[in-house]
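Enquirer: Take a look at the letters that make up each chain.
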Amino acid sequence: MNQFLQYCVSGLSIGSLYALVALGVVLIYRSTRILNFAHGDMATAGTFFALMIYELHPSFGLSFSLALLFGGLLAMGFYFGILIPAQRRDATLLGQTILTVGLGLIFQGLSSYFGGTEPQSFPFPLSDTKVYKLGQIYISQLALGATGFSLLGSLLLFFLVQRTRLGLAMRATSENLQAAQTLGIPTRRVLSLSWGLASLLGVLAGLFLAPALLLDPFFMLEPFLKGFAAAVLGGLNSLPGAIVGGFLLGLAESLAGGYLTVAFKNTLAFLIIIIILLIRPEGLLGTEFKERV
Amino acid sequence: MPLLEIKDISISFGGIMALSGISLQVQEEKIIAVIGPNGSGKTTLFNCLTGIYHPNEGEIHLNGENILRLSPDAIAELGIARTFQNLRLFMNMNVLDNLLVGRHLHFRKNPLLPMLRIRKEEILHRKIIEEIIDFLDLQAYRKARVADCPYGVQKRVELGRALALEPKLLLLDEPISGLTSEEKEEAAYRINEIRGRFQMTILLVEHDLRIASRLADSMVAFYYGQKIAQGTPEEVQRNPEVIRAYLGDD
Amino acid sequence: MSFLKIANIETLYFDRIYALHGLTLDVAEKEIFAVLGPNGAGKTTLLKTVAGLLKDQPKKGIIEFNGRRIHRLAPERISSLGIVYVPEDRGLFRELTVKENLDLGCWGRRTKGIKEDLDFIYELFPILIERTGQQAETLSGGEQQMLAIARAMLRKPKLLMLDEPSLGLAPLLARNVFEALEKISQLGTTILLVEQNAKLALKIANYGYILEAGRIVLKGTSKELMENEDVQELYLGLGQETTTSKGWRLYKKRRRW
Amino acid sequence: MKVQQGWIGFLVVCFLLIPVFGNTAVVGVTDTEVWVGITTPLSGPAALWGATGQGAKAWADYVNDQGGVHGRKIKVILKDDGYNPARAVANLNEMKGKIFVVNALLGTAVVNACKDFFFDNKIPLIDAYGDVRIWAKYPKDKLKYIFVSYPDYEDEARYLANYSMKNMGSKKMAIFYQNDDYGKMGLEGIKMVVSASQGKAQLAAAVPYEVTERALSTHALKLKESGADTVYLYTTMSHAALILKEMAKVGYRPKTMVSFPMGDPVMFKVAGEVWEGVYPAGAGQVGVPGEKVMDRVADILIKYDPSLKGKEYLAVFGAVSMMTLAEGLKNAGKNLTQDSLIKGMEMIKNWKPEGIGAGMTFSPTRHHGVNGSRLLHAEKGTHVPISEYVIHKPLF
Amino acid sequence: MDLIESYKEDLRLIRRFGTGFWIVLLLIGLILLPWFAREYWVYVVTLIFIYSIGIQGQNILIGYTGQISFGQAGFLAIGAFTYGHLSLLGSPILVNLFFSGLMAGIFGILVGFPSLRLKGPYLAIVTLGFGIAVYQVFVNSEILSGGRMGLTIQKLQPLFGLSQMTTYYYFNFILVFLFTLLSYNLISSFVGRAFIAIRDNDIAAEAMGVSLTRYKLLSFAISSFYTGVQGGLYALLMGYLEPNMFTFLETITIFVAVIIGGLASVEGSILGAAFVVMVPQVFSNTKAFIPVIYGVTILIILIFEPLGLSGRWMKIRLYLRMWPFR
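Chains H, C, G, Z and R supply the protein sequences, listed in that same order. Under the numbering used here, residue 297 is the last one in the first sequence; the count climbs by one each step, no gaps. Under the numbering used here, residue 496 is the last one in the second sequence; the count climbs by one each step, no gaps. Under the numbering used here, residue 356 is the last one in the third sequence; the count climbs by one each step, no gaps. Under the numbering used here, residue 444 is the last one in the fourth sequence; the count climbs by one each step, no gaps. Under the numbering used here, residue 327 is the last one in the fifth sequence; the count climbs by one each step, no gaps.
Keep in mind the hints are simulated off the structure, nothing from the lab. Fair warning: this is a prediction, and the values are worked out from it, not measured in the lab. A portion of the hints provided could be inaccurate.
Stated by the list, open to error - One side only, chain G facing chain C, incomplete, derived with CB under 10 Å:
| no. | residue |
| --- | --- |
| 1 | Pro-137 |
| 2 | Ala-140 |
| 3 | Gly-207 |
| 4 | Thr-210 |
What the hints assert, rightly or not - Now the in silico label distances, taken between C-beta atoms and shown as ranges:
| no. | chain 1 | residue 1 | chain 2 | residue 2 | range |
| --- | --- | --- | --- | --- | --- |
| 5 | H | His-61 | Z | Lys-317 | 48 to 58 Å |
| 6 | R | Ile-144 | Z | Ser-435 | 36 to 46 Å |
| 7 | H | Pro-127 | G | Arg-176 | 23 to 33 Å |
| 8 | Z | Gln-114 | H | Pro-127 | 37 to 47 Å |
| 9 | C | Glu-481 | H | Arg-284 | 24 to 34 Å |
| 10 | Z | Ser-435 | H | Leu-159 | 48 to 58 Å |
| 11 | C | Lys-276 | G | Arg-176 | 52 to 62 Å |
Where a beta carbon is used, it is the ideal one built from N, C-alpha and C, also for glycine.
Okay, chain H solo, but in the shape it has when bound (with noise of 0.2 Å):
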């Protein structure tokens, strides 16, 4: 018994960073109908920014709020700089989400030059192998920080998407464009801010992974795929369900490898999903798009 609920905690700890990160990929998703290839990748810039703040003026305040701002400002650079374009000239939408692919491999290249390939660690107010134990259940303070931080995430975007005037014209954005521009709403300016605000979460995510995953270029790969999938499994076009997958996954992910095979941990989760998928094509919480004939 405890040992599953200690294969619950650690899914659960890991599935709130995977549900973090499918939130920023659902959100873009949801109002341009884009799949990121660079939501990791824009992560790990991000992450690689807060360590440089941190090594000139070691303060975890300033350096991680200055990395949130950075992430959210090269989304919206490339979304102005190069989507925007890109759509002028009727980009299709596999075309632009090649784009993101082509982003994603700039930013891992500068975030190799700049950063360095070497594994570091990464400096982090919360400690790593400081650990609390309940009964017969560790859970390290850095996992408990991420979770706590990754629900008030969603929960500040939950209020920000479903309390504010912003979010209300995100939400309208994100559901019919035309509409939105005919009332008036400046979509671009509401578009560029879904894709700050999803590279800001993503951000977020990199910066609680880092510390538990050691910072390099490529440490968002393997999180950003899972959020990926988790955000499908969740269904794209739904944030609760972003959330839900995240934590589902994360959980089916640990408990396959820890009561099947640790092998084939990944398989096994992707299996979950496939067959998710097959009953609900939709994804979990997502809604059916129906055509009209």
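Given the coordinates of chain H, work out where chains C, G, Z and R should sit on it, guided by the hints.
Expert: This is chains C, G, Z and R only, laid out in the frame that chain H set:
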């Protein structure tokens, strides 16, 4: 025996009855017009007939064969072809290829033929397609991408694609809507001609009462998923319920 | 000077297909204008072109609003000038509630005056009060159309463009909607209306245009139009030979326009 | 129309002719220069290890500043292959005709894909970092151009397991390994020791991971469940640090022995406090950072290529390869040909490059220079050798 | 000038004299390449050949049928390892290649089944899962992956007194030629029309009697057959296999090639293959900046030519055809 027999079909979407208890018989080589205001279930009926929707209850027989649970391609194979209200063409293909897709069922599907580029079949079908192109006056657009063609031409291409299938029953969903008046006349003439030339039975949905009544042998009126009248065009048009449905209470 | 002036505009799809073919149209202030025409004639394209929703269109021609050129502006800019477009599908945010939809209509407005406008709308369409918390997609067709018009009114439009407001509505509801439009017009809003249901449209409109194949083929006051034989035959369904002959004329019918 | 087609034809022919130029028959040696080719991952997920190639190049620059070898400067062409075998082969083919010798090839897959290049083109390969057993399968005459002084993973694993069994009383062993040839060879070595121990020791768990995987908490729990008293790590640096942290989180601190890639004291920075007390293996051809001879070389390398700072261990690894080549060139004498280089290489006897390592020996019958290990102990931020070098049998 | 007089003439592969002239010239150029180009270029072009087979296959799936797949690495691995094991058994090369394709094709059908229910990114995730599953199976099964040391494969023996590289070149050249012909033949036949019909409008396609089940699965089968053959040829060229050669990066490479080359274009697939092989190779001297340069070229191409290289190619061709008059 009627060619098509619909028995008491019903279908609902999210609690709203789109069709309730519709029965209809279509005799061979007749033109039947289905009329009714928007949202009265005409297109839904077509979608049920072609297997895109599966009715919750009821039976549909084509030549005595139950087609209720068949997939659209299987139904097409049995001889039902259709056009769509909002054009559903293969926009990136040229007109010729669009029509050739209509011939798809008549190809001998030996995988070696395409692989070795043996095109005897292709030429055979091209000849049939050319007849259709002549009939529909599409010569000038043969190699044009459909997306580049004017609306009227696209409508004709869709009709031609359905004809290429050589169906027993042709379902036309608003075949003359959106055309200019001249084109409408021409289209109506062609529909009438199809029956004579290709011996097809035609079921058509139309908004324009005037043309529909001139074309059809008999007429069915729908209102909110229910059949409110059936008979000759004259009868149906005089039916008070139809008048109310169309023109309101006054 | 006309309120909205459209001169010789050409709109193309995919840079190749002409949808509007040198169309010219004038709209005067505080009147209802109806544009009639068959499907695919370019009615929707016309409205979308004015609203700026078609990228880089019109290719040629001028659109002036209150003496100001507005063609090829971003749709947000055009909207902020006071032109509000209600599309055929009503352009509602289906996943949002009625209240949220209405809130979005007030985008960019100061809080002052919103209350009064809301009251006016609720007076016009009392049903919306009941539906405040419901998602827009759960509304019936007529309610959706009312919501769309209500939302458009919250933007305090100078020009309200409606695409087939009667589409898919039961006759009674359609009449309700049109009555509301009449009221709105009386309060000083210019309305440009695109309709297939000519009878209904001409009843409330002051002027009408007939659009075919991307061109205006006939214009006049609604009274003139209603008396025109061709219009009667083609759009009002009052033609003579409804059911009699089975023979088909293949000659082109001569028209008086 | 026709005229213009002709022009285009002309242009196409010109384009196709472009590669003709530059096709000169240089064997890569002049009186003043000798050209060395290195293909190594400088981008992509394995880019860290590209530091070996950079280290080799930096050492060549140093040698050149000392006057070169027999008046010849060592010119290095450094190319990126992104750890992709196809690109590595392409790089070698591009360098062919310019280079005299290839140095410091990296990655088992790359080495495997490239090996025929050396057999076919008779270009010597001095040092390859990849599974040495690749070569062991080939007859001696084929390996004429191949010189390697890289430790065998399996031999090392056997050494570690035997050591811990004899000197530290390990009974229950577990291995956490990378799911490729490197990790599997380690597993194989430990399995051999366990089966030879006649029941004195047992393998309680063998937990694999994939190189892209970073979330290792499940793996740590698995290791903990096994209750092993000694855990062997055949991993990358990152994964060693990560698994140790995860194990510490669940309160599991067994004796830990790690393979030589983690012999780098930078692990203290990466892993933090959990690294204290770990037993890393040391490789036969390099020493431990902290030793005087090592630090001297590392300082030189950083002077020539400042970007190597923080990657001294890997850089020295590469530099040793370049030293070996330079030694071979020196022994080959003024008249440099492929054959004289091979003779020169085979003259190397018990030679410690710049005093580093256990000493390597090549001979006509031995092209595996040194296959040695020793045990280190992580104490207070440094790796302290706690045993002498043990030299395993060279494999070829 | 190009008046068409019969259906037969209209159905020919090469309809214009000019086109034929260029193709012949290109083929002659390619045939002569090993005689005047350095071995390096021979190798790079060989690699382009190999990639272009698989990319053509994926273009049939993604570009023509409109199904997004991220499982390419899995098919590559299946093809490559099938080839490897068969070659260890000593069966002849062409048979091995056929079975590499066939095996991948069978798995393609299996992966195709979800495509009947799923669309777009949802399908992408399922295929991605397939790629990961294949990778893990190979990594964890020593029997399949050929043991700890990987699988060493007998390379192609030099023929007719040519060098080994040249032999490879011609062998792959012939195969690419055949596969390209096959692609052209397929897409211009009823099969290709059915694929495009499904992509453009699946509901209409079904109503016209095109069975979605059959043709989607067929598209998956054909595309993975091609990709499997690519895997086999890659194994043959490398002479060595290990599962780590077929990771997600390989999938991305093929996907990028399809889009950069241009969707639904056979020429585009070849151009895309050339792009993904040559860009990293040509810039391999820039070391750590390769990803940056690679990414920037992708951005530039897709911003200025949203239809990919084949779009640009079409425009150039049109320009040349109209030449004096524009």
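Enquirer: Now tell me, hint by hint, if it's right for this structure.
Expert: Status of each hint after checking the structure:
Satisfaction of the interface hint for Pro-137/G is found here, the shortest Cβ-Cβ separation to chain C being roughly 6 Å, below the 10 Å cut-off. This hint holds: Ala-140/G has a C-beta 7 Å from the nearest C-beta of chain C, less than the 10 Å allowed. For the restraint placing Gly-207/G at the interface with chain C, the shortest Cβ-Cβ distance is roughly 34 Å, beyond the 10 Å limit, so the hint is violated. Because the beta carbon of Thr-210/G sits about 37 Å from the nearest beta carbon in chain C, more than 10 Å, this interface hint is broken.
About 20 Å separates the C-beta atoms of His-61/H and Lys-317/Z, a value inconsistent with the hinted range of 48 to 58 Å. A hinted range of 36 to 46 Å holds for the C-beta pair Ile-144/R and Ser-435/Z, which are about 38 Å apart. Between Pro-127/H and Arg-176/G the beta carbons are some 48 Å apart, a value that contradicts the proposed interval 23 to 33 Å. A hinted range of 37 to 47 Å for the beta carbons of Gln-114/Z and Pro-127/H is consistent with their spacing of about 41 Å.
Taking 24 to 34 Å as the suggested C-beta distance range, the pair Glu-481/C and Arg-284/H does not conform, at roughly 49 Å. The supplied range of 48 to 58 Å is met by Ser-435/Z and Leu-159/H, whose beta-carbon atoms lie about 56 Å from each other. In this structure the hint that Lys-276/C and Arg-176/G lie 52 to 62 Å apart at CB holds, the actual value being about 56 Å.
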